[in-house]
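Please work from the sequences and hints to get the whole structure.
At position 98 of the sequence shown the residue is numbered 116 (my numbering), and the sequence of numbers has no breaks.
These are calculated hints, taken from the structure and not from any lab test. Since this is a predicted model, take the numbers as computed values, not measurements. A couple of the hints might just be wrong.
[As the list claims (entries may be wrong)] Below 27 Å or equal to it, Euclidean Cα-Cα: the simulated DSS-like pairs (lysine-lysine) are:
no. : residue 1 : residue 2
1   : K73       : K122
2   : K172      : K53
3   : K172      : K45
4   : K83       : K38
[What the hints assert, rightly or not] Simulated restraints on C-beta separations:
no. : residue 1 : residue 2 : range
5   : Q99       : L30       : 36 to 44 Å
6   : T120      : L39       : 20 to 28 Å
7   : E186      : Y114      : 20 to 28 Å
8   : S101      : H50       : 32 to 40 Å
9   : S28       : E168      : 17 to 25 Å
10  : E174      : L39       : 14 to 22 Å
11  : R79       : E174      : 30 to 38 Å
12  : E102      : T143      : 20 to 28 Å
13  : S26       : Q99       : 16 to 24 Å
14  : K171      : G145      : 25 to 33 Å
Just so it is clear, CB atoms sit at the ideal spot from N, CA and C, and this is done for glycine as well.
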Amino acid sequence: MNNIMCGSISELEQLELLYKLEVFKIKGRDKHGRKILRIIAKFFPARLVSVDVLKRYLEERIFPKLEKRKFSVLYVHTGVQRSENFPGISALRSIYDAIPMTVKENLEAVYFVHPGLQARLFLATFGRFLFNAGLYGKLRYVSRLDYLWENVKKNEVEIPEFVYDHDEDLEHRPMMDYGLESDHARVYRASSALDSPVNTYSMRCIS
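Spelled out as structure tokens, the structure:
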């Protein structure tokens, strides 16, 4: 992620960035027939986009499409890092307060994918302070994608490949769910008769 702060690019550029990254996307329906607002938290450029611009983007492009029918939120927390894509507690509260009542009333479920221990503790501590009891009660933790498909049609939403990769890691290293084991470098080796260079990457799921 670029280290440029949000003040270094114009509001128009910030709006275009949010649109291009598809942090928020309305597409498909869950198994109850409700629209799905998919949020890929890792894609949110917290260093580049101000809270005011984010609220403007939501007010102009997202909220008007959610005011007339029931919907659910598919929030993918995989890969979130505080320093890169977490807007902060006060920002979350400000954004929540800006949601029109008609939209809040139409929200029926929030599927929270890959919450991790720290996210669960955060919401247990601050969730009722940040959000009203009605919204907090609609939260559904989804520790594995297989559980998500019990409520969401698999062919209705696009899930980035890194989410599937992390899901596979959790299957093989379940202690990562509880913060008892950190993310590990994963090694891929091309299938070839000759040894090929090893590519490794480290994926974090913090906060």
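Results of checking the hints against the structure:
1. K73 with K122: holds (15 Å)
2. K172 with K53: holds (14 Å)
3. K172 with K45: holds (12 Å)
4. K83 with K38: holds (18 Å)
5. Q99 with L30: 36 to 44 Å: violated (27 Å)
6. T120 with L39: 20 to 28 Å: holds (26 Å)
7. E186 with Y114: 20 to 28 Å: For E186 and Y114 the Cβ distance comes to about 33 Å; the hint is violated.
8. S101 with H50: 32 to 40 Å: holds (37 Å)
9. S28 with E168: 17 to 25 Å: Once the Cβ atoms are compared, 43 Å apart, the range 17 to 25 Å for E168 and S28 is violated.
10. E174 with L39: 14 to 22 Å: Holds - the Cβ-Cβ distance for E174 and L39, about 21 Å, lies within 14 to 22 Å.
11. R79 with E174: 30 to 38 Å: violated (20 Å)
12. E102 with T143: 20 to 28 Å: About 22 Å separates the Cβ atoms of E102 and T143, which means 20 to 28 Å holds.
13. S26 with Q99: 16 to 24 Å: holds (20 Å)
14. K171 with G145: 25 to 33 Å: holds (28 Å)
Hint violations for this structure: numbers 5, 7, 9 and 11, all remaining hints satisfied.
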